[in-house]
Every structure is written in structure tokens, then in C-alpha cells.
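There are 2 protein chains.
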Amino acid sequence: MNPLSTPWKARYVGAKVLITGGVGFIGSNLARALVEWGAEVTIVDSLIPEYGGNRRNLLGIENDVRLHLTDVRNHATLPALVEGQDFLFNLAGQTSHMDSMKDPETDLEINCRAQLAILEACRRHNPAIRIVFASTRQLYGRPESLPVSETHPLRPVDVNGINKQAGESFHLLYSQVHGIRSTVLRLTNTIGPRMRVKDARQTFVGVWIRSLVEGRTFEVWGGEQLRDFTYVDDAVEAFLQAAASDEAIGQVYNLGGPPPVTLRALAEMLVELQPGGQFALMEFPADRKKIDIGDFFADYRLIERALGWKPKTSLPSALAQTLAYYRDELPHYV
Amino acid sequence: MNPLSTPWKARYVGAKVLITGGVGFIGSNLARALVEWGAEVTIVDSLIPEYGGNRRNLLGIENDVRLHLTDVRNHATLPALVEGQDFLFNLAGQTSHMDSMKDPETDLEINCRAQLAILEACRRHNPAIRIVFASTRQLYGRPESLPVSETHPLRPVDVNGINKQAGESFHLLYSQVHGIRSTVLRLTNTIGPRMRVKDARQTFVGVWIRSLVEGRTFEVWGGEQLRDFTYVDDAVEAFLQAAASDEAIGQVYNLGGPPPVTLRALAEMLVELQPGGQFALMEFPADRKKIDIGDFFADYRLIERALGWKPKTSLPSALAQTLAYYRDELPHYV
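Those protein sequences? They're chains A and B, same order as listed. According to the working numbering, the first sequence holds residues 182 to 515 in order. According to the working numbering, the second sequence holds residues 182 to 515 in order.
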């Protein structure tokens with residue numbers, strides 16, 4: 182990649198960038214791009230074993246980033262962390278829907294309360310910072326119509342969605358009322374190298390990939406649900422473009438990835454990519470059915486019109502690159 | 182009032198009822214009705230000086246209720262408080278929009294985090310409890326169309342609205358997923374005896390009433406904004422009807438009060454009721470303008486159709502009864 186091939190990339194040369202959740206899946210891919218383009222990257226991550234952080238994600242850039250092993254729930258350290266930063270990519274979060282139902286307080290502490298604390302730290306100690314917040318399609322709940330645009334009603338069906346909605350709203354409010362320039366990206370399923378594959382806490386695709394690489398049959402629950410997928414490099418570009426754009430301030434954009442596929446079709450693509458791979462169709466477990474959202478795919482025309490962003494990576498190519506990564510790297514992720 | 186004149190009132194004879202915020206404005210009026218109808222009333226209130234609680238509100242029923250001076254942020258006591266209760270009227274809250282912007286963390290602790298803790302206490306220690314949660318029109322933000330029905334998009338314009346939205350969503354989610362039977366009432370401006378008149382933290386009408394009774398000119402900011410008002414006895418009936426109805430489980434209902442009036446018309450009604458009363462029209466202060474919502478009045482046909490509830494008290498009558506109360510009682514409220 183030529184770091185200066187597009188004007189917005191130039192914004193990051195020598196820029197001071199803080200990434201919360203920067204050892205996680207998307208955060209670490211973002212950190213790698215920023216290091217390559219000459220930014221001064223500081224990372225906050227708590228490396229909670231059940232979350233997305235994995236030291237392997239920083240392989241090769243360990244000495245190019247400053248890593249603070251702290252937690253966004255540790256509000257006392259936030260002022261010192263945000264001070265002097267030009268950009269904040271705010272990705273730290275609890276992502277498991279099931280965990281949010283079993284332990285709702287922890288989800289609230291991280292996805293809601295800590296977000297307000299981060300914004301208060303910015304308001305008091307660095308009001309000129311530029312923020313991009315990682316939100317989620319989970320806010321929409323069960324779609325009323327497809328594709329789902331940003332004006333679709335927000336009706337989260339789990340604790341995680343409720344807290345992420347509050348976290349997102351705080352960012353927009355602080356942008357509007359206090360001038361803390363923020364953009365919200367609502368991510369759909371993101372896949373790619375460095376995602377969590379140990380279990381389904383980040384995405385079910387992780388478990389599928391792991392099973393494939395380990396030569397085991399993976400389970401597909403239901404199978405007919407439609408989903409869309411964004412390759413991580415495309416998601417990273419969206420974060421970087423959004424933060425570099427004044428037009429994006431105070432805005433909410435969906436990410437997406439065409440075309441939507443059924444889970445069964447996704448499984449079929451994957452087994453074709455892995456010799457000997459196979460899957461089994463299973464009925465949807467009852468406890469997951471309660472918080473399942475049915476079909477989902479996002480309308481991402483708004484960010485396309487505003488910033489020119491669109492996904493560049495086809496789904497087969499995204500899956501092939503992800504599989505290739507875990508064929509080599511799986512031992513570091515299980 | 183004949184306690185058994187309608188079937189739903191019979192549900193409360195001998196019922197065990199917990200009211201959070203029960204020394205506050207609406208909570209204490211609710212407690213008074215429930216005591217009269219033969220319920221066993223337990224009250225939780227923190228009596229924070231800046232909030233709505235005032236011991237005078239319990240005058241005459243002090244010995245008929247159990248009062249626990251605790252705070253919903255004290256999560257450890259919640260299981261013991263909810264255990265054995267048939268009903269929970271969940272009214273404890275921070276209501277000041279301005280305070281929520283100055284001290285957002287406190288607003289979050291009370292209006293968001295404590296609500297989740299209350300629901301978790303119910304889920305673990307009293308899953309058969311019946312809950313009615315006091316929500317607010319503040320969730321709608323600036324109306325797109327009038328009157329505002331329950332399907333209007335939720336776009337809170339202050340920290341208070343964001344946290345109340347999360348608190349409301351937790352109630353609906355716990356009803357749907359965990360079977361904790363809850364109803365949400367979205368209140369508009371509620372007025373009547375026992376409201377806070379010391380300052381505008383609960384409603385600006387309180388300050389107006391106080392000024393009138395004290396013989397001072399009160400300020401009307403703007404003046405052309407349309408608002409609707411529910412008299413507190415009508416609001417109390419809505420809580421009691423909702424909790425007694427199975428149809429209301431998992432539902433969200435607006436309260437309201439016809440017809441909407443401009444703030445200037447409201448001020449004119451008030452000065453007519455108080456000999457020598459007068460007001461001054463002022464420009465809207467800049468810091469309030471930022472979080473003001475413009476015109477608002479609620480569509481409450483949903484609760485009317487579902488439960489037969491509608492406001493019975495006209496606005497002039499509501500204002501007259503409120504003024505009459507504070508002519509005698511003002512020294513206990515300032």
C-alpha cells in the first residue's frame with residue numbers, strides 16, 4: 182500500500198492516535214495500517230481472556246506501538262490516555278450477546294458507563310480530539326425491512342444492544358452539544374485475520390474457521406438466515422476515512438458487504454475453500470433463538486455517498502484470506 | 182374515592198407494593214392512593230436534597246407505609262427489598278436535564294445502571310413481580326411530527342434521555358426474554374400537589390407556582406413552545422391500571438393531557454388563578470436552547486384503547502388544585 186495514495190491517508194503521517202481495544206481483532210488491524218502510514222499509535226487493551234485481545238495480533242509491530250494494559254473501566258487513567266492525542270478509535274467493547282445476558286452488569290460497565298467516562302475525559306482534557314466509535318448492527322434488533330438503513334428503528338433484543346446504543350448516543354450527544362467531534366460506524370459481521378476463533382464470542386464464523394482448519398465438522402444453526410460480511414481491511418479503511426473527514430462529524434454510518442448470503446451458502450463457500458471440510462445443519466438452540474434477529478443485511482449507501490467508502494473485498498476472497506491466515510496461525514489463537 | 186369502584190382497584194387490597202422514589206412527587210401520590218385502597222406499601226427513597234423526595238409528601242400516611250431510606254444505587258439491598266412484593270412501581274430517578282449534562286455519571290448510575298440492578302434483583306429473587314416503570318417523553322427528542330405516538334423515533338437530546346432510554350429498554354427486554362412482567366409509561370409534564378417547586382429540576386411549572394404564591398413575577402422563556410400536562414391523580418391512575426392489566430405486559434404507553442397549550446397560554450391561565458399574579462416573557466437561555474425539544478404533545482390513544490385510561494382533569498382544574506395546595510403548603514417545599 183502506498184501510504185499517501187489518497188489524500189486522507191496523509192492525515193495520519195505523524196498523527197497521535199489512541200486505539201481502545203487495540204490488541205483486538207479490528208483494533209490491531211487498524212493499528213497495523215496506522216503504523217505503516219507513519220502514525221504514533223498508542224493502544225489501550227485489557228486482554229481479558231474472553232474478549233478479542235491477543236498479543237499475537239501485534240506480531241511485528243510490538244516495538245512500533247505503545248501498549249497500556251489497562252481497562253476502560255479504570256476511569257482514573259482515561260484523562261492521561263486521551264491527553265495530546267489527535268485521534269481516538271474507540272473499539273474497546275464486550276461483544277458477546279450471550280455473555281451480556283448472563284452478566285449484564287459487566288456489559289453495562291464496558292459498553293455504556295466506560296464510554297461516557299471516555300467522552301468526559303475528552304471533554305475535560307482534550308476537546309479537540311477526533312473520535313470514531315465502533316457501534317453495531319445489533320442496535321437495530323429484528324429488521325422490519327431489508328436492507329437496513331441508518332433510519333431503521335433501533336430496537337435492540339439483548340443487553341449488549343441496549344448498552345451499545347447508549348454508548349453510541351453518548352458519542353453523538355457529545356459531538357452535538359459539547360463539540361467533541363465524533364463519528365459512529367455501525368458494523369455488521371466483520372471477518373478476517375486476527376478475529377477470535379476460540380469460540381463464538383466475537384462471531385460464529387470464528388468457530389467455523391477453527392473447525393475447518395482443525396479438520397472437524399462445524400455446526401450451522403438454522404442455515405437460512407441471511408447475513409452480510411465486511412472484510413477487516415475494508416472496515417479499517419472505513420474507520421480511517423471517517424476520522425479524516427469533517428463531513429462525517431456527528432454522523433452515523435452503516436458498514437456492509439454485498440451480497441448477503443444465507444449461513445448455509447457461507448458454509449458451502451468455506452468447505453469449498455478447505456479440502457475435506459464439512460458442516461452439519463442443526464436446529465437453532467432455544468436460548469439463542471430468543472435473542473436472534475432473523476435476516477440482516479445493511480444498506481451502506483450513506484457512507485458510500487458521503488465518504489466514497491465501499492467494501493472492496495469479495496466474500497470468497499475474504500474467506501480465503503482468513504482461512505490462509507489461520508492455517509498458519511491457529512496455534513496462537515486457540 | 183370508593184376503593185372498589187372499578188375491578189382493577191380490587192387488585193391492590195392487601196397487595197404488597199414497593200415504590201422506588203416513593204417520597205417523591207408522583208411516588209407519594211401513588212403511595213397515598215395505595216394506602217387508601219388497603220395495600221401494604223413499602224417505599225424506597227434516598228431523599229437527596231436536589232431530587233423530588235420530601236417527607237411532607239407522606240403527611241398523614243407516615244405510619245401506614247414502611248420507608249427505607251436507601252438508594253437504588255445501593256445494589257446490595259435490592260434483593261431484600263424486592264423479595265415478597267407483588268408490585269413494583271419503579272419511579273426513582275434523576276429528572277433534571279441540566280444536571281444530567283453537568284454530572285452525567287450520576288445520571289447514568291441512577292437512571293441506567295441501577296435500573297439493570299433492580300431488574301436483576303427481580304430476576305433472581307422475585308421473578309413473579311409485576312413492574313411499572315416511569316419513563317419520559319424526553320426519549321423522543323425533538324418531535325418529527327405531532328402528536329408524538331409510541332412509534333416515533335427515539336432520539337434523546339440529553340444525557341438524561343439516553344440513560345432513561347437504556348433503563349426503559351432493560352425493562353422491556355427483561356419482560357420479553359426473562360418473563361419479568363413490566364410495563365413502561367412515558368410521562369409528559371406531570372403537575373399537581375407534592376411536585377418540586379424549589380427549583381426547575383422536576384418541572385419549570387414548579388418554579389412558576391412558587392413565584393406566584395410568593396407574589397413574585399415569574400419568567401417564561403420563549404413562550405410559544407407547545408406542551409401537554411398530566412395531572413398527577415391521572416398519572417397515578419395510569420400506573421395502577423397498567424400494573425393491574427395483563428394486556429399491558431411488555432407494552433410502552435404514552436401518557437398525555439389535552440389540549441396542548443403554549444407556555445405563554447399556560448402562564449396566562451396561572452396568573453388568572455392567582456390575584457395579582459404576573460409573568461415576564463424572556464429569551465431562551467443559550468445553554469438550555471441546546472437541549473430544548475421545541476413543541477411537544479403526546480398521542481395517548483394506545484393506553485386509552487388498551488386500558489381505557491384517559492386524563493380526567495382539565496388543565497385549569499389541575500392548575501387550580503396545585504395552586505391551592507401550595508398556598509397552604511409552600512413553607513414545607515422551599
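It cannot be assumed that every hint is accurate.
What the hints assert, rightly or not - A few chain A positions that, by computed beta-carbon distances, are all more than 10 Å from chain B:
id, residue
1, Pro285
2, Ala298
3, Ala309
4, Asn344
5, Ala381
Stated by the list, open to error - Covered by chain B, per the in silico footprint, the following chain A stretches (three or more residues, Cβ under 8 Å):
id, region
6, 193-203
7, 287-294
8, 337-343
Worth flagging that the hints you see were computed from the coordinates, not collected in a lab. Just so you know, these numbers come straight off a predicted model, no measurement behind them. Think of the CB as a built atom: it goes at the ideal place given N, C-alpha and C, for glycine as much as any other residue.
Comparing the hints with the structure gives:
For Pro285 of chain A, the condition that its CB be more than 10 Å from all CB atoms of chain B is violated, with the nearest at approximately 6 Å. Listed as outside the interface, Ala298 of chain A is inconsistent with that label: its C-beta sits roughly 7 Å from the nearest C-beta of chain B, within the 10 Å cut-off. Every CB of chain B lies more than 10 Å from the CB of Ala309 of chain A, the least distance being 20 Å, so the non-interface label holds. With a minimum CB-CB distance of about 7 Å to chain B, Asn344 of chain A fails to clear the 10 Å threshold, and the non-interface call is violated.
In this structure Ala381 of chain A is separated from chain B by more than 10 Å, as the shortest Cβ-Cβ distance comes to about 19 Å. Coverage of the region 193-203 of chain A by chain B is violated in this model, with 0 residues showing a Cβ closer than 8 Å to a Cβ of that chain against a need of three. Using a Cβ-Cβ cut-off of 8 Å, 3 residues of the region 287-294 of chain A lie near chain B, which meets the minimum of three, so the contact claim holds. A stretch counts as covered by a chain when three or more of its residues have a beta carbon under 8 Å from one of that chain; for the region 337-343 of chain A and chain B the count is 5, and the coverage holds.
The earlier numbered hints that this structure contradicts are 1, 2, 4, 6.
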